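Protein chains: 2
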Amino acid sequence: MTTLDEVRDWDTADPLAGFRDRFALPDDIIYLNGNSLGPLPRATVQRMRDTVERDWGEGLIRSWNERDWVGAPQRIGDKIARLIGASPGEVVVADSTSVCLFKLLMAAAAWREGAILAESDNFPTDAHVAGRVAELLGREFRCVPHDRVADALAPDVAAAVITQVHYRTAHRHDMRALTAKGVRIVWDLSHSIGAIPLDLARDGVELAVGCGYKFLNGGPGAPAYIYAAKELQPRLHSPITGWWGHAAPFDFSTRFESAEGITRLLSGTPAVLGLMALEVGVDLMLEADQAQLAAKSARLHDLFAARIAALCPELRGVTPAEPTARGSHIAFAHPYARAIVGALIARGVIGDFRTPDIARFALTPLTLRYEDVWKATEIIAEVMASGQWQDPRFASGGMVP
Amino acid sequence: MTTLDEVRDWDTADPLAGFRDRFALPDDIIYLNGNSLGPLPRATVQRMRDTVERDWGEGLIRSWNERDWVGAPQRIGDKIARLIGASPGEVVVADSTSVCLFKLLMAAAAWREGAILAESDNFPTDAHVAGRVAELLGREFRCVPHDRVADALAPDVAAAVITQVHYRTAHRHDMRALTAKGVRIVWDLSHSIGAIPLDLARDGVELAVGCGYKFLNGGPGAPAYIYAAKELQPRLHSPITGWWGHAAPFDFSTRFESAEGITRLLSGTPAVLGLMALEVGVDLMLEADQAQLAAKSARLHDLFAARIAALCPELRGVTPAEPTARGSHIAFAHPYARAIVGALIARGVIGDFRTPDIARFALTPLTLRYEDVWKATEIIAEVMASGQWQDPRFASGGMVP
Chain A
12 MTTLDEVRDW DTADPLAGFR DRFALPDDII YLNGNSLGPL PRATVQRMRD TVERDWGEGL
72 IRSWNERDWV GAPQRIGDKI ARLIGASPGE VVVADSTSVC LFKLLMAAAA WREGAILAES
132 DNFPTDAHVA GRVAELLGRE FRCVPHDRVA DALAPDVAAA VITQVHYRTA HRHDMRALTA
192 KGVRIVWDLS HSIGAIPLDL ARDGVELAVG CGYKFLNGGP GAPAYIYAAK ELQPRLHSPI
252 TGWWGHAAPF DFSTRFESAE GITRLLSGTP AVLGLMALEV GVDLMLEADQ AQLAAKSARL
312 HDLFAARIAA LCPELRGVTP AEPTARGSHI AFAHPYARAI VGALIARGVI GDFRTPDIAR
372 FALTPLTLRY EDVWKATEII AEVMASGQWQ DPRFASGGMV P
Chain B
12 MTTLDEVRDW DTADPLAGFR DRFALPDDII YLNGNSLGPL PRATVQRMRD TVERDWGEGL
72 IRSWNERDWV GAPQRIGDKI ARLIGASPGE VVVADSTSVC LFKLLMAAAA WREGAILAES
132 DNFPTDAHVA GRVAELLGRE FRCVPHDRVA DALAPDVAAA VITQVHYRTA HRHDMRALTA
192 KGVRIVWDLS HSIGAIPLDL ARDGVELAVG CGYKFLNGGP GAPAYIYAAK ELQPRLHSPI
252 TGWWGHAAPF DFSTRFESAE GITRLLSGTP AVLGLMALEV GVDLMLEADQ AQLAAKSARL
312 HDLFAARIAA LCPELRGVTP AEPTARGSHI AFAHPYARAI VGALIARGVI GDFRTPDIAR
372 FALTPLTLRY EDVWKATEII AEVMASGQWQ DPRFASGGMV P
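These protein sequence lines are chains A and B, in that order. In my numbering, each residue carries its 1-based index in the first sequence increased by 11. In my numbering, each residue carries its 1-based index in the second sequence increased by 11.
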């Protein structure tokens with residue numbers, strides 16, 4: 012069994028160790044929820060002060076041009092493109108993930124007749140949006156469990172929505188293999204970006220959306236993004252044709268004419284405050300080496316899994332052991348997971364509960380030390396052994412967005 | 012003719028004068044663009060520091076509950092309700108204005124067959140969104156000029172989108188009279204809220220959307236809001252059924268079940284940074300007496316109009332003279348409006364240009380002094396008399412979002 016001294020040696024040798032101090036993490040907690048809300052980059056503090064106090068307060072309307080707010084959706088999109096193996100002009104930042112998914116799926120499904128497919132047991136917003144899209148377009152809606160989605164990618168499916176990394180178990184779909192089946196897929200990368208290496212061009216991915224406030228550390232309710240491979244863009248017609256998706260928005264023309272390229276998927280005025288915060292998180296992620304992140308994520312996982320297996324085997328691991336088969340969080344099933352997570356939060360170990368029985372912990376290689384995993388698993392073991400979680404005040408704990 | 016001394020007396024006697032210092036307005040400009048981007052409330056500076064540095068940085072995921080981020084869309088919605096004569100539970104803050112309009116219009120038009128109607132010469136995003144909604148629903152799309160929209164409210168129209176205050180001329184529709192025609196109307200209040208007194212309940216208004224970053228001073232790209240009269244809410248089915256519109260989002264159920272009430276029109280995770288900034292602007296507006304705002308707006312207008320008529324009659328006023336027939340901005344037509352606005356911005360008088368020939372100036376009673384109008388019109392007169400605007404560098408000036 013690994014010792015604490017060994018684990019500390021890993022931290023000393025960790026090439027990513029310097030990133031932790033770039034975040035304003037409180038000292039009294041171990042934060043294992045970066046897949047729900049990533050922590051605050053220190054640079055975001057100044058960026059937000061500048062944006063609010065200087066750019067809005069002093070620059071006022073002039074900052075749309077002078078601070079390039081007007082180009083932010085594309086500028087930050089191009090940066091995200093570098094993180095996911097896409098090209099400049101293939102990503103734009105816009106709206107919430109749900110709204111981005113709606114727009115992209117409506118546009119993608121319009122190309123041909125056929126059913127709409129979604130996962131029944133992955134993060135529900137995707138299935139909800141997809142079901143309504145099917146209804147609006149008069150299509151059959153198919154909803155199958157995560158582990159049967161590969162078989163369901165049949166030729167009569169017009170478009171599918173698949174989340175690459177499962178929000179509970181962290182099981183990862185083989186994006187390349189599923190894409191190769193030839194069915195049009197809108198990938199949801201919410202639990203992938205910043206968590207695992209991505210190369211959408213290599214994998215032949217055509218369409219994707221993803222979230223800004225998880226591993227990208229973009230802030231609460233950060234805007235999401237839309238990816239569309241360049242060759243598909245001319246065929247994408249947004250269902251929400253607001254002025255920011257217009258070819259010449261400042262002509263104020265009555266006739267709608269889609270902008271060229273990915274910009275056509277914008278709708279209303281961009282959320283500047285959210286965009287500026289997101290950009291800092293993306294810039295920080297771009298500084299990190301993706302291979303190093305993946306290697307550290309794997310090692311954090313293995314340490315966490317081994318410690319739990321040894322210290323409290325009653326927590327049943329549900330995350331695949333093989334690194335390439337998972338994302339960057341680890342999850343355990345237990346009938347009282349909700350109370351257990353509640354008790355852990357009270358002890359400063361912040362993970363989250365996902366119904367019905369999952370305790371979930373993000374392993375964010377940018378901010379987490381191996382020693383944090385050591386300590387967190389120690390506290391988990393104490394909470395389990397002592398039965399602290401049985402305190403009635405934790406019965407409805409552990410529930411955070 | 013009014014003298015500068017008289018104008019200064021008006022400022023001294025102005026019951027709203029105290030509000031100006033609540034905003035961080037630069038000293039070297041006269042800001043007449045609060046209908047495009049409202050200025051920064053001083054209280055927003057601290058609110059944003061707290062939100063970013065304390066609530067996100069230290070509270071992290073816990074702030075969803077402990078700082079009630081989770082309830083912000085409804086809480087701020089209820090505050091906006093008080094500004095527009097609606098009841099608690101009738102307004103929710105969500106997404107951009109374009110996305111809000113899309114959702115509400117899709118939901119409203121689904122109730123019955125019939126055409127979709129929009130204005131051809133008002134702010135184009137509304138007509139663009141409405142045209143696409145008509146296409147998606149397989150309906151006839153009718154688009155008529157602002158001054159013919161009353162006649163176009165025919166019984167075979169399923170739903171109409173009407174902007175109450177025209178974004179160029181400031182001409183105000185009679186909301187009560189048009190509503191009384193019995194056609195379902197989605198009102199766009201973007202240039203109304205905070206600018207003119209509103210009483211949606213009295214006027215029988217059923218549905219509306221509006222913008223947060225203009226007269227509400229909610230910050231660049233602030234989230235917009237949706238209003239729906241209580242009795243209509245059970246019949247509203249959002250086209251974008253994301254998890255925040257679910258009756259029990261944290262059950263993570265595959266089956267979509269609409270939340271009760273206005274919450275059903277939410278889709279994805281709310282944009283927290285934008286919401287917190289917006290709330291300060293709304294709180295500030297709630298402190299002001301609406302009748303005093305309307306009276307001051309009228310007097311600012313009359314002073315502006317009289318000065319321009321006397322000093323540079325070549326600027327042709329296009330805003331109605333009667334206070335109840337207009338919003339709270341004033342506009343002038345001139346073939347070189349773009350260059351004129353460019354030259355004015357260089358002189359620190361910040362209005363904006365709207366194609367093809369409109370120079371537009373917001374008269375925001377919360378922040379503007381009568382003396383500002385005096386000075387601004389003085390500078391306008393100088394720019395016109397001197398021909399400064401003919402400098403080639405202004406030919407493409409004056410264009411801001």
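If you're looking for bench data, these hints aren't it; they were derived computationally from the structure. In this text the structure is predicted, and so the values were computed from the model without any measurement. Some hints could be false.
It does not matter which identical chain is used: a pair holds within one copy or between any two.
[Unchecked claim] The list that follows gives simulated cross-link-like pairs (lysine to any residue, SDA-like), each with its CA atoms no further than 25 Å apart:
1. K192 x D61
2. K386 x R73
3. K386 x G70
4. K192 x A306
In rising order, the numbers of the hints this structure does not comply with = 1, 4
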